[in-house]
Amino acid sequence: MSAAASERPRPITRGPALGFGTLNLVSAGLAGVGVFGGLPDRYWPVDVTALVLIVLLAVSGAGLLFRTSWSAACARIAAAISLAVGLALVSALAVTASYLAGIYGPVGRGGSIIFVLVLALATPYLVAVPIAELLWLGRTATLPGSTADLS
Amino acid sequence: MSAQSIARLLALYAVGLVVVSLCVRGSVALTPDPAHPRAVVASVWQNGALVARAVLPAGQEKHPSIDEAMASPGSELVLESSVAEGPIVTRSETALSISLVSGHDGVVGTLDGTSSYVTPDDLLARRAYDRGVNILGIDLGLGADTAVIYALLADRLHTTPRRVREEAKIRRVRFTRSTPGRPTPPWAHVDGGSLTPAIVRGAAIDAARYLARNLREDGHFRYLVDAPSNRQLGGYDWPRHAGATYFLAQAAGHFHEPELAEACLRAASLLRNRAVSNCGDAQCIGTDVRVDLGSSALSLIAFVEIVRTGLDTGYFGLVRSLSRFLREQQRADGEFMHEYDRRESRPVDVQYVYYSGEATLALARADEVTHDENDLASAKRGLSHLVRGAWHFFGDRYYFGEEHWTCQAMADLWGRSPDRGALDFCERWQAYGRKLQLRAGDAIYDADGAIGLSSIFTPRLTPVASRCEAGIATLDVLLREDARGVEELDAQQRRALALLVRRQLRPGPVAIFSSPESVYGAMPGSEVDLALRIDYVQHAGSAMIRWLDLSDLARDVPRRGKEGAARKVL
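From first to last, the protein sequence lines are chains A and B.
Residue 24 in my numbering sits at position 24 of the first sequence, and the numbers go up by one each step.
Whatever position you read off the second sequence (first residue = 1), add 151 for my numbering.
One thing to keep in mind: the hints can contain errors.
[Unchecked claim] Short derived list, chain B residues pointing at chain A, Cβ under 8 Å:
1. S172
2. V179
3. T182
4. G288
5. I289
6. R567
[Said to hold, decoys possible] Per the computed footprint, the stretches of chain B lying under chain A, defined by three or more beta-carbons under 8 Å from a beta-carbon of chain A, are:
7. 153 to 160
8. 605 to 612
Calculated from the structure, these hints are not laboratory results.
Cβ atoms here follow ideal geometry from the backbone N, Cα and C, with glycine treated the same way.
Build the full structure now, drawing on both the sequences and the hints.
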């Protein structure tokens, strides 16, 4: 196999497309429930960010499930924004915890557990899945539609 | 993007985040140095009002204005030493609000080259700590009142709060407080190990005397009092009135003070004359169309105590009638219906927190004076439901409600009808509480014996007191059974009681009180919540008396051949 052939992007395959499509839809649902169901008050920076994320994740999830021609580009944007939001959330939590620890001293075992649990809840959907999706999309630039896509 | 480049970026991000977090923490953390204060804020208070203040440089102890103010009678000198200072975020009101450790931190504001302090006493006197903040719609019970901070700084810097907010440089200051003219009482530093019956006895008497002193001629308590101003705040309810009456009966029976007995009977007669209604064939407490079960249950507990201790056996008839009402509110499965509709003459099958436990305890106690097997049977069914049917779900071993009445009922019934399942339930609840119990050093607050998840929140004292009542009841049963677990349960209750003794206003921060003698013996909501509600002191006082009774029991245990158990408690 030549070097050019080995570097050629592989097509989107059915299994990963179904998997990531489903994960994106689940993430969209969880973000909706978490922000619009869980938070008792409305605050536009949080609400707008969540809304953009939910729409992108839902559209890209549906696109991947039906393997539309635009699904790869949309999924890439959704994953990048999800990752950015996820890292921003992790940063905000870490800096807030550091500030409170500076003011009050150690936040205590209970406080630490709460911070870790919030991180553990958000990290899979907003950090791990987007990274995995970006890695997968990085190797599968071919749009679906060819017979090779159906492998 | 390749895996390697993502890994590199993530590693960079992680390192950057750790560095930023450490920098943030380091920039706001304080390193107090009490041996070398930066300045001492000397304040003279009279009748709860600040009359003179001077900022003394470190090492200086005198100031003419302070000396002059101290010459007036009734003056109280407080020295608040600035032992550390650091930056805080002031752009956001919420950030500023949560940037002060309640009761320990104040601020220094600088504007146009002039600086002024707002000290913890300034904020305590205005009850400006723990006013609550709202973050993304979630209410948190912490945070200083920023409007008060800005107003005080503006007043002292001779400008407007708006200008302070927009232009002043505000820094956090950690203070330590001392009162040179008023040495701390010996119980101010008591802990679980040094707690003695004599110390607890003094605290319990003062708690009862506080309630007796704050009972009006017509039998109403001063229900909620703002300690600094000694003003009565709004609100009143019969369940808490009844609970306070019960504690007075307990205290009168224990200490044999005529003033306590007189106050107890005055409070009880208000219930009898003003709050008793007909609920079907029985009598109940409450005059609204819908009455709640809790008022009748706690009133029954109070009346039983009055009859049992011989204060006034004339309440026996009301005991029988109220116990009948409670029995008629009970369902076949042991649960109670928590409301009664007097217009339609029928129980309303709704449930609220506490009431089922209160009704169960009330019936258990009623049986002691009525000797009516129906009362005993109802109490047993109520207890069985509380510890089984009412609290049975996946995860019930990891989460508990407020069970302080339940476990007192368990102990009360033990001699007549021991319920091993209920004892196991109460032991598990206490073990759960032990996990949440803070130790000295866990937080900057007076934390040893408190219950809390995090050092950010000032521990509330009433949950400590009510759980302690139940813990001592459970300990009582373990002692009688010479069962395992006595030592750790005893240590847990001792630490809780010691905290209550330390935080009780005996005398508390006298300087900021307009009438220290009026609030002497009261129990605050927390070390910074100086609103005094009657149930705060009731739960604490009842726990203390219960522990004193248990100490007496433990002294008697050797005579009953259980020396081991007695030694563990004494």
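Now for the hints, and whether the structure bears them out:
no.	hint	verdict
1	S172	4 Å, holds
2	V179	4 Å, holds
3	T182	11 Å, violated
4	G288	2 Å, holds
5	I289	7 Å, holds
6	R567	39 Å, violated
7	153 to 160	holds (count 3)
8	605 to 612	holds (count 3)
Violated hints, in rising order: 3 and 6; the structure is consistent with all others.
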